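J.: Residue strings, one per chain:
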Amino acid sequence: MTIALDRTETPDARNTAGRGEGPAARSAARRRTNLFSTAILVIGALYCVLPVLWILVAATKSPAELFSTPTAIPSFTGGFWENLTGLFAYKDGVFGRWMLNSALYAGGGGVASTLIAAAAGYALAKYRFRGSTWIFRLIVAGVLLPQIMLAIPQYLLLAQVGLTNSYLSVILPLLVSPYAIYLCKIYAESSVPDEIMEAARIDGASEWRIFVSTGLRLMAPALVTVFLLQFIAIWNNFLLPFIMLTDDTKFPLTLGLFAMLRSGASQAALYSLVIMGTLLAIIPVAILFLSLQRYWRLDLLSGGVKA
Amino acid sequence: MGTSTAPETAASSRRRSATTRRRSRSTTGFALALLAPALVLLALFTFAPGIYAFILSLLQRRVSGGLLGGETSLEFVGFANYLATLGDAEFWASLGRMLLIAGIGVPATIILAALFALCLDADRTRLVGAWRIAIFLPYAVPGVIASLLWGFLYLPATSPIGGEVVDYFGGTEVFFSVANIAVWGVVGFNMVIMYTALRGLPREMYEAAKLDGAGELQIALRVKLPMIKPAIVMCSLFSVLGALQLFNEPTTLRPLANAISSTWVPLMKVYTDAFVHDDIYGAAATSLLLVALTVAASVLVNSIGSAIGRSGQRKKS
Numbered sequence: 001m002t003i004a005l006d007r008t009e010t011p012d013a014r015n016t017a018g019r020g021e022g023p024a025a026r027s028a029a030r031r032r033t034n035l036f037s038t039a040i041l042v043i044g045a046l047y048c049v050l051p052v053l054w055i056l057v058a059a060t061k062s063p064a065e066l067f068s069t070p071t072a073i074p075s076f077t078g079g080f081w082e083n084l085t086g087l088f089a090y091k092d093g094v095f096g097r098w099m100l101n102s103a104l105y106a107g108g109g110g111v112a113s114t115l116i117a118a119a120a121g122y123a124l125a126k127y128r129f130r131g132s133t134w135i136f137r138l139i140v141a142g143v144l145l146p147q148i149m150l151a152i153p154q155y156l157l158l159a160q161v162g163l164t165n166s167y168l169s170v171i172l173p174l175l176v177s178p179y180a181i182y183l184c185k186i187y188a189e190s191s192v193p194d195e196i197m198e199a200a201r202i203d204g205a206s207e208w209r210i211f212v213s214t215g216l217r218l219m220a221p222a223l224v225t226v227f228l229l230q231f232i233a234i235w236n237n238f239l240l241p242f243i244m245l246t247d248d249t250k251f252p253l254t255l256g257l258f259a260m261l262r263s264g265a266s267q268a269a270l271y272s273l274v275i276m277g278t279l280l281a282i283i284p285v286a287i288l289f290l291s292l293q294r295y296w297r298l299d300l301l302s303g304g305v306k307a
Numbered sequence: 001m002g003t004s005t006a007p008e009t010a011a012s013s014r015r016r017s018a019t020t021r022r023r024s025r026s027t028t029g030f031a032l033a034l035l036a037p038a039l040v041l042l043a044l045f046t047f048a049p050g051i052y053a054f055i056l057s058l059l060q061r062r063v064s065g066g067l068l069g070g071e072t073s074l075e076f077v078g079f080a081n082y083l084a085t086l087g088d089a090e091f092w093a094s095l096g097r098m099l100l101i102a103g104i105g106v107p108a109t110i111i112l113a114a115l116f117a118l119c120l121d122a123d124r125t126r127l128v129g130a131w132r133i134a135i136f137l138p139y140a141v142p143g144v145i146a147s148l149l150w151g152f153l154y155l156p157a158t159s160p161i162g163g164e165v166v167d168y169f170g171g172t173e174v175f176f177s178v179a180n181i182a183v184w185g186v187v188g189f190n191m192v193i194m195y196t197a198l199r200g201l202p203r204e205m206y207e208a209a210k211l212d213g214a215g216e217l218q219i220a221l222r223v224k225l226p227m228i229k230p231a232i233v234m235c236s237l238f239s240v241l242g243a244l245q246l247f248n249e250p251t252t253l254r255p256l257a258n259a260i261s262s263t264w265v266p267l268m269k270v271y272t273d274a275f276v277h278d279d280i281y282g283a284a285a286t287s288l289l290l291v292a293l294t295v296a297a298s299v300l301v302n303s304i305g306s307a308i309g310r311s312g313q314r315k316k317s
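Here the protein sequences line up with chains A and B, keeping their order. In terms of UniProt numbering, the first sequence opens at residue 1 and continues consecutively. In terms of UniProt numbering, the second sequence opens at residue 1 and continues consecutively.
Hints were generated in silico from the structure; no laboratory data involved. In this text the structure is predicted, and so the values were computed from the model without any measurement. One thing to keep in mind: the hints can contain errors.
[To be verified] A few chain A residues that face chain B, going by a derived Cβ cut-off under 8 Å, partial list only:
#1 SER37
#2 TRP54
#3 LEU66
#4 GLN154
#5 PHE211
#6 ASN236
#7 LEU239
#8 THR246
#9 LEU257
#10 ALA259
#11 ALA281
#12 ILE283
#13 PHE289
#14 LEU290
By construction, the Cβ of each residue, glycine as well, lies at the ideal position given by its N, Cα and C atoms.
Using the sequences and the hints, build the whole thing.
T.: Structural data, given as structure tokens:
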């Protein structure tokens with residue numbers, strides 16, 4: 001189909017369509033939609049978005065309606081409100097705690113790990129000293145020991161200093177990411193020129209001031225991306241809190257909802273609360289994502305491969 | 001660093017190299033100070049647990065004395081735990097199930113992501129921004145939440161996708177169900193990486209192909225796809241590593257699906273051995289075997305990638 005469409009075009013339009021030069025050429029190119037590629041993307045978008053929309057529909061149903069009414073049709077009998085109040089009333093409002101905990105783990109941990117990676121990446125990129133390549137190799141080797149497989153020895157080590165079942169036990173092991181350090185190093189190499197650092201030195205600025213006022217500022221686009229990646233990694237984490245935490249007031253959302261689902265196996269009424277919780281867990285991150293959309297620099301991720 | 005080709009007096013050159021050396025000593029200290037938090041945390045939470053896991057994997061708790069009030073002692077047993085894991089049929093079964101899910105999920109992720117990326121990049125596609133955001137959105141949904149979401153979509157009582165006709169938690173179907181959740185979560189991320197790589201290609205290349213009479217489909221398959229090979233290899237690597245760490249999705253589905261056992265995939269087996277059967281030594285050996293597999297898988301994906309690259313280059317020349 002695409003090939004047929006291509007042949008009907010004039011050579012002139014064909015040459016300019018890709019570059020999109022000039023309003024006339026652009027409107028000529030726009031007139032014929034590429035049906036094949038657009039259709040495939042519509043199907044892909046539906047696959048990705050419909051499950052979330054269905055959860056919205058299911059959240060409008062009271063526990064009695066969930067299993068009895070047609071599944072694709074929302075209910076307007078006040079089930080949504082009933083589920084919402086029910087969810088926040090569950091176990092003295094522990095769900096609110098879980099949301100706050102997740103925000104704290106992912107937000108605080110995300111900021112801290114981004115700063116740690118920025119400092120390390122900047123040091124590796126902008127200073128040459130004996131052992132620097134060796135240190136870089138050591139850090140990259142850390143990728144080969146995935147966090148998820150270290151969780152059990154981490155638990156045993158933290159148990160010896162009495163830190164399990166604490167906020168720190170969930171944050172500390174996730175603070176350093178070799179991949180984030182690698183991205184920061186690559187970006188610092190290309191975006192912080194030696195000349196600017198040298199000029200600042202001549203002006204009498206200390207190394208620390210150069211790092212804070214020049215280095216971090218020039219690295220900002222990469223740091224937003226690293227922060228979002230770290231935020232998602234911590235927000236999505238399940239195994240570490242699953243192993244470390246026993247006290248449900250310290251649970252993040254993922255673990256809390258999982259625990260609810262597990263008790264739902266014996267109490268079917270909990271299912272509508274879990275569905276409401278699932279919806280509420282998706283909304284804040286979706287908003288964060290869409291609002292920071294234009295700061296995402298995913299080309300950094302693939303740029304690392306080309307180098 | 002201190003040497004210069006410009007004519008200089010010996011004294012000035014000596015003076016300069018002295019200041020350079022002094023500054024380089026102080027900047028080394030500063031660089032190490034910047035690196036310190038990362039290195040300390042890496043040592044404490046990556047390398048120390050790694051070494052500790054290795055030590056644990058060589059030990060075993062032996063009960064000596066009476067049945068009930070018996071003393072337990074730790075014994076060095078060499079590689080016995082590794083041999084026990086390798087001789088454990090359930091370990092191989094869990095590995096097989098994991099590979100089956102990876103065999104479904106990884107190619108599906110890569111093919112769909114490449115397809116979507118090529119469609120986004122194709123001429124005259126409408127509303128590119130909207131589709132890109134929609135397909136990327138599930139990446140923001142945690143694996144556990146995605147599994148809850150799909151769990152209710154699969155569950156016969158609530159399913160809007162024919163759960164009463166198709167048994168999504170059946171013995172065979174469950175592999176596709178789990179793979180589908182993983183694909184749903186990461187396809188957008190991979191698509192964006194490939195799309196970014198496509199946008200970075202020089203547009204003039206397509207013009208030449210078009211003048212030669214190539215259609216858009218041919219350009220997509222013969223010109224664009226080979227050019228973004230590094231991005232595709234990286235996506236494959238991430239997907240394979242993700243599959244080896246499969247844990248969240250099957251664990252979350254377990255309360256809903258009887259077909260998923262407590263040792264269904266290798267990491268679930270590690271968890272069960274360590275915390276249900278109280279055998280942290282065997283669990284440590286199993287997780288180190290998984291680390292070895294991870295390293296082997298990354299080497300394999302990388303070398304396949306470069307082998308394809310070499311043959312591609314030969315064809316071109």
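J.: Each hint needs a verdict: does it hold in this structure or not?
T.: Hints and how they fare:
no., hint, in the structure
1, SER37, "holds (4 Å)"
2, TRP54, "holds (6 Å)"
3, LEU66, "holds (6 Å)"
4, GLN154, "holds (5 Å)"
5, PHE211, "holds (7 Å)"
6, ASN236, "holds (4 Å)"
7, LEU239, "holds (6 Å)"
8, THR246, "violated (11 Å)"
9, LEU257, "holds (6 Å)"
10, ALA259, "violated (10 Å)"
11, ALA281, "holds (5 Å)"
12, ILE283, "violated (10 Å)"
13, PHE289, "holds (5 Å)"
14, LEU290, "holds (7 Å)"
Checked against the numbered hints listed earlier, the structure breaks hints 8, 10, 12; every other hint is satisfied.
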